[in-house]
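J.: Protein chains in written order, with the numbering used here: chain L, 1 to 126; chain V, 127 to 892; chain E, 893 to 1434.
Since the hints were made in silico from the structure, they are not lab data.
All of these numbers come straight from a predicted model, not from anything done at the bench.
Beta carbons: idealized from backbone N, C-alpha and C, even for Gly.
Wrong hints could be hidden among the right ones.
In silico negatives: residues of chain E with every beta carbon more than 10 Å from chain L [as the list claims (entries may be wrong)]: (1) K926; (2) L1033; (3) L1045; (4) I1049; (5) A1052; (6) A1063; (7) V1070; (8) L1078; (9) Y1085; (10) A1088; (11) S1096; (12) K1282; (13) I1294.
Computed spacing ranges between beta-carbons, pair by pair [claimed, not checked]: (14) E:A1400 to V:L806: 50 to 58 Å; (15) L:F110 to E:R1007: 16 to 24 Å; (16) E:A1381 to L:E123: 35 to 43 Å; (17) V:L373 to E:L897: 22 to 30 Å.
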Amino acid sequence: MNMLASIPGVLDAAVLAQASAPAPMAQSQLAHYMFISAALFAIGLIGFLTRRNLIIMFLCTELMFQAAGVALIAFSRFHMNMTGQTFVIFILTVAAAEAAMALALVVLLFRRRESLNAEEFSEMKG
Amino acid sequence: MGFMMTLSTILATLASPIAALAQSEAAHAASQEAGHAAEHVAHAAEKIEAIAAPGVGPMWLLLIPVLPLVGFVLSALCAAFRVKSKLPAWLTVLCLGASFAVTLGMYLQVSSGQIANPSVATGFEWIKVAWGAGDAHSIIANFGLYIDSLTCLWMLFVTGLATLIGLYASEYMAGDVGAGYCRFYAAFNLFVFSMSCLVMGDNLLLLYLGWEGVGLCSYLLIGYFYKKPSAVEAGKKAFIVNRIGDLGLALGLMLTAVHFGSIEYSVIFAKAQPYLAALSEGRLGDIPAVVQLIPVLLMIGAFGKSAQLPLYVWLPDAMEGPTPVSALIHAATMVTAGVYLVARAYPLFLLSETALPIVAWTGALTALLAATIGMAQFDIKRIMAYSTVSQLGYMFAGLGVLTSTGAAFHVFTHAFFKAMLFLSCGAVMHGFAGQLDLRKLSGVGSMPGWRVVGIAMLVGCLNLAGFPVITSGYWSKDMILGGAFANPHMVAIGWILLITAGLTAYYTFRVYFRVFVGPKYFEPGDEVHGHAGDDHGHDHGHDHAHADHGDRGHGHDAHAHFHPHAPGWAINTVLAILAVAAFAVIGLRFVGGHEGWVSGLIEHSSANYGGHAMYAAAASHGGEHAHATFFGYDAHQAMMYVSGVVGFIGIAVAFVLHYAGRTTAAKSRADALLPLVGPLAKWAQGKWYVDELYNAIIRVPLLVAAHVFHLIDKAIVDGIVDLFGWVPKFTGSSLRPSQSGVLHGYALSMAGGLAVLVLIVVMVMR
Amino acid sequence: MMDRLAYLWPEIALFIAACVVMVVGISPSVATRKFAAVVAGLGVVAAGILAWTTTPSGNAVTASSGQVLLPGLALYAKVGIAIVALLLLLLKPGTVDRAEEAAIALGVQKFDALRTNRAEFFSFFLFSVMGLMLVAGADDLIWLFLALELTSLPTYIMVAISGGAGREPAARAQEASVKYFFLGALGAAVFLYGFAMLYGATGSTNLNAIHLSLTTGGVSGLALAGLLMSVLGICFKIAAVPMHFYTPDVYQGASPSVAGFLAFVPKTAGFLSLLLLASAVGWTWAPGENGLTVSGGGTSLPEPLRILFWVIAALTMTIGNVLALQQKSVRRILAYSSIAHSGYMLVGLIAGPGDGSFTKNGVAAVLFYLFCYGVMNVGTFAVLSGLERKTRDGQMSEIDSIEDIRGLCATHPRLGWPMAICSLSLLGFPPLLGFWAKLPLFTSAISAGEIILVIVLGLNSAIAAFYYLRLFGAVFLEKPEAGAGEVTASPFVSRRVAAMVSAALVVALVVVVGQLTDASRKAAAPKAEPAASATIPASMNH
């Protein structure tokens, strides 16, 4: 915080911060969050592509969703408005709905095939 | 004035009613004498202004085309529900009758001025193509109706006759009750709908839609007996020959759109205004060649649809269709579409130096040619077909010699008496198991039950022959003849038409004297109408007469047991109404405008458009007198007598050759004359071998070319096409493995695809 | 607040109908249960009427009443959606619970509200349509994301339960739902990440604000990345390359009634979102149309986005068409053709709105094509769902193989003719509706100067003729198979009705093509400049 206040351009923000509002985020700081977010997304994607278990695959997509969430919150902080955080709340809601659906689907599939291996579902092709 | 008086004294000794008329005509002509050129120009200017801005027509007018469409849908539904009764006929008569009633309402309102003349009633926006902002960059074709007195005239007889003939057909087609009956009435209704689009449309595209629609219905109905090869051939012939004409119409339409930037009549007429002004001032050079080309192209379409030289060959063959169809479509209404087109686009035709003379000459030559062929035929329905071609020729000649009133009046009267003639012939055909050869029928009119048909036939023949004074055909034909002789450039046409009038009277009464009077004799035909295409048995839905005699499907071997069955109430009623109507329309000659009711209508429509006056003015700029005379007499006056006399001569010749002294059906005195004319009679009977000529110069070369191209196609083009077909197939089969059906494969491909696409974008942006 | 609510009456109607359906559909009385479909229908009709009467359009639209970039879009899209949804609804009866209902009618089984799917099925249908309508009115990325998810989530379940009782069809439906759901989630994650980046680049999720930011401040690298990812993610919804792989398997596995739904609803949602996104970054209308002037933006899309769309469009139509050529399954043919149609529509998207006149307006062309495609497509899927044959375990299942539709015009004319007409129309055969739909795509692309793309489009239309004419020939020209008796008409009459209505519309709407194109042109009309400048700052603050 002190370091920020010493930079002339962000003095106003520092004043703002003292008036109990958080200070805006620097570009360099944003980059850190973005890196985390991108890494989460990539991990999710790679997991989705490599794992065969449907539940794990679904969790990987959840990871990708949350990567977007992290990015949104970071941007929200960067832009100093609440929209991004609002968005995240909705994403969490949708993710929950999707999770419920995924589990229901998984149960349905398991009942019939006794397996959750994604490769078993490859009857239709061409 | 002196010769007029002398003339009228001579006339008084002949027939006083004519004399009275002649005097009024003379007075009229005299009043016109005085400085008519200036008056005409003023007249023309006034006309142009009057027609320029159409009013807004009421929406109920849309019922006129919509009701037949309803009839079509109902008939189609009857077919879908496999109705096996005469229900579609009654539904049709109801719908068409209602449409006629609405038309009558329209006429009354137009004539009383409650609906502006002209006015446009826009149903809905149909086609609007815009390629930029503003009117200049769009083509608009609404489903709108252009209402003027020309529309009223045409729609009155179209819907009226359609109703009557629908009623007639309910009996005539009774043998086909079932799917065929529904099919017939569906096409019948669709025809009336298309015809009303054609006549009432407020733009050329709607006219074109109707034009193709009536062509389609004509094709469907000619080929109604689709199991009979000749009917199918005839249908194809009609369709193909009409295509040639339609090409002209389509080109004309496009050229209009390109040049005038619109295909709506109101806009075209307004934009043609400066050209008309130039014409009336004698500045023909100011009219661009494109504008002069438009009517020539439209004319080709008109010649195709109205069976004029050289495209007339389809109409006689079209008689393969059921007779009501021949009567309605191929005699009374559809074939007059060409006349309508010329009349509607008359302002454009006036702009061309060549268009109207071509129309006149084509019409006159067609009239003569068809009449000569008609003289030598033996099939009575075919004779009527040729007479239709011939009479259509009269109408075109009338338009060409600038008496659009005469042409329209002739269309109107011809519609009635020709429909009646066809229906009478149809009744004969119906009753005598398809017999139409005049050598095998005699004295039909005096057989029991055939009285109405005989009388109707006589009335029709008198009208067609132009029997003086008491027939409407006489008055309308007269107007055209008079117009031809009155036009100094068209006297030759007048002579051709006059000769044709004599020939017409001869071949008409040849039919009457041989078939309807004289010794009673008949041979039944070898087929029953509906027999060839009858796909569902003969016996259900028969009327009583059929069932009694059990004549169906017997043919020659049943000759001994054959009894002709006389027409029933529907046929007789319709014939009676038409016979009365054919006389009644004479009255129209003497009410309304100065040349009768029709002239009153025509003069307030685009078919006049100050036309006469304009042309007269243009001619007088050339220093010529606009009116020619017939050996010093006023042409209109003289024709009343001359054409009457010519008609008499024709009838008399027919009487001598085909009635007097005839004891059998097959032989008459005319046979003795045959050697005198040499091969001419044979050639005429062979229709001057026009079909064969067309075959040799058009069809055969095309067939040869088709075979040659077929070989080229097989050898070279197919190979290339196969290659083009093979490439996608090969690509497809090589891509199919990518659809492995495995979830991971898909996910991987998706991710890979994403990466590649992003890469492409990045690469390209670099 | 209230005026924004007033903007949502159709969705509210659908929501109420969905709630009622959920209750009605689990009634122990058969008649009441069956009434669920009627309630759904009433809901859709009400939504359509409300969309027609209450949706503000044109310059009456303010920032608080929905999206402003394409002010006329909501009215057109919602009414069109309601019409097609009504047709789609006709396919739905009998898709789920068929065996159970039969068993209950025979008295073999008792009704168990927990074991039936009817209520869920119909209410999910309504929810999905509701999501689609919300997409049409979206003005915010959050809204857009939620609406897209609302459109998609119910369809996953609909696919899963559409297999019926037969072992084989049920297994296929489940396989389809696995592929659809998991790949769908992947696609959603991709466009969600794109949305996040867009927000990061512009600082707002409001499309108007994004428009303002991108057009005044230029398109930054982050914004571009966000756009690319959003577009690629949404490509899953429209089944465009490279996100198309699921399509044939899902369309084949799901019952035709649901496949027909998938071919219209998610696809339309995707296209509407793409239109909104594209109008947020690029496109401006040349001045002159109705005296409106719009500032900012380019005359077409930003170049990277254009290239992206270009490649996607060309690949999508080509791959869709060539893969359809050698299929034996009608459902797969239609699935691949659905991919190809997305490719065609992307051409209109690339062309952009031109000068606003219809022939040059690619946006209007896309909107018009969506509606026409919806109508034609319902017809083909309705025919498939209207025919069935016995599976090995004795259950009835809808047909799939092209052998089964041979000679359909002769054996089942009420289904054969719609198939013939709709396949010709999908091919773009004049004068049917499909021809009029395809025409403006060509003209707009030509006037936008995309000549190569137009050639690709033309070649692809020719390739498409192969398989559409194969369908047409199968039903119209070929003789029925010897074992054709095994194929019987479905007992659910409404499916046949849908087929016939759709075919009738394909023919009859040609008469009013002028009005329809005019409506779509108005829907693609831009916002009026004075209103825009007044409202955008206000909307940024909300």
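J.: Taking the numbered hints from earlier one at a time, note which ones the structure violates and give those numbers from smallest to largest.
T.: 2, 3, 4, 5, 6, 7, 8, 9, 10, 11, 16, 17
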